[in-house]
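Undergrad: Sequence:
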Amino acid sequence: MAKIDLSLNNLNELFPSDFSQEQMAKAKTIFLKELSLLAHKFYGGKVQFLPKAGLYGFNWFNIWYTPGVSKISTTIRDDNLTSFDLSNRGNMVAVVSDSTRVLGDGDVTPPGGLGVMEGKAYLMKYLAGIDAVPLCINSYNDQNEHDPQKVIDFVKMLEPSFGAVNLEDISQPNCYKVLDTLREESDIPVWHDDAQGTGAVTVAGLINALRIVEKDMKDIRIVMYGAGASNATIARLILQAGGDPEKMILFDSKGALSKDRDDIKADKRFYRKWELCEKTNPEGINDIEKAMKGADVLIALSKPGPDVVKPEWIRSMGDKPIVFACANPVPEIYPYAAKEAGAYITATGRGDFPNQVNNSLGFPGILKGALLVRSRSVTDNMAVAASYSMANYAEKKGINPDYIMPKMDETDMFAFEAADVAMQAVKDGVARVESDWDTIYNRTLEDIGQTRQTIDMMMDKNLIKKPDTSLLEQALNKAIEQVK
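Remember, my numbering sits 651 above the position in the sequence shown when you count from 1.
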């Protein structure tokens, strides 16, 4: 076991060398969870708010507040769009959740989602220079049920203060109504990252995986295991990117989606799933083993594994099969097991395995691009543009079976993506202001750079305190004890 390093760049070296691959994977998961708990307690959360304007003397209080600020109020009153210039609204995102489907943990009560929503805000700031506010809300009605209308009303009420809204961790079917209603009725972008974000990054990974195995999107047979908001939106974006619905089969907990699923047809809340029932699986196949025979691609977003996807399913797939097992925090099948079963390319939602298909590659750049042209929405075309942007960026670097997606430390990718998305917003007619690709790219890089410099300065001056390695040791010891 190596000496523990605060950078955590070499997780595998922390654990006993005689650990099997399965033990190593379990130990890393436990370690990261335990360290997360200790680190969050140490810092008391992970985001804060700081002024962006200077204070050069006492009378600047009278400029930033009363009486001077009265001029800001009346100017915005007379033209609401000036709020984007005279306040931070144009770079401000609300991260809104009712915490009913948080990662793989389900309904964790309204405040239970704060860790994830703060994480979202942290990533937006660090990866794209966006200011974001975590807002976990109580969506219960008088019948003690989660009411999607409460989320809709809440977002409509906060709209004047934000340039965009990131919906997060809202369970289906409520998530469909919330997103579709707000996309239609809001005048700022409303983005559901679990659905659209997961869709965009998954399609990006699929584009490059297909480039490597030399197959075309329109020709491949795809099995999708899980039919929640994420996979339903992935399916929709794959079809928009050229996939053939007749070569696609989706499975939920009750079987395959098809025109025979009267249970889905009867529940109007699941209208998005019924649309896929009508389009896909024309043969009405209802057996996962039959569906997997000869399939080119498996995309699983179902429930945490590791034994959810069976190796024998992968063995029956076609030539050079592609397997995305993206349940969090543990994939439906570990990549090493999928490879042993014959998978040519694997991907997960985790950064400690090759090919992380993670929303963090998408939403910072997508929302930054939308904000910088003051877009009224994020269209499906903008999401697909982001997919190709991510894929093309990685392809220029040189793709291979273990590198189909950009990595989160490739900073200029987010600027590249923001510029591509912004140009698509202009093309789709949803941008309030026009710009050019280079302006968006350079502005995004500038904002990212300023954020990084600020964080580095705060760390250097111990304004962000460095945790003692004893925290890491506590988490490591627990992980090793639980796995041995």
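Be careful, since some hints might not be right.
Claimed, not checked - Straight-line Cα separation of at most 30 Å, DSSO-like style, residue types lysine-lysine; simulated pairs:
| # | residue 1 | residue 2 |
| --- | --- | --- |
| 1 | K905 | K807 |
| 2 | K1135 | K654 |
| 3 | K1078 | K677 |
| 4 | K722 | K692 |
| 5 | K961 | K1058 |
| 6 | K941 | K930 |
| 7 | K654 | K703 |
| 8 | K684 | K1058 |
| 9 | K692 | K990 |
| 10 | K1047 | K692 |
| 11 | K684 | K961 |
| 12 | K677 | K703 |
| 13 | K654 | K1116 |
| 14 | K919 | K828 |
| 15 | K677 | K930 |
| 16 | K1116 | K1058 |
| 17 | K916 | K869 |
| 18 | K869 | K1117 |
| 19 | K692 | K703 |
| 20 | K692 | K1078 |
| 21 | K828 | K1047 |
| 22 | K697 | K679 |
| 23 | K828 | K916 |
| 24 | K1078 | K679 |
| 25 | K866 | K910 |
| 26 | K916 | K905 |
| 27 | K1058 | K654 |
| 28 | K1048 | K679 |
For the record, the hints were derived by calculation from the structure and aren't laboratory data. A quick note: this is a predicted structure, and the numbers were derived from the prediction, not measured.
Undergrad: Quick check: which numbered hints come out false for this structure?
TA: Of the numbered hints, 1, 3, 4, 7, 9, 10, 12, 15, 18, 20, 21 and 24 do not hold.
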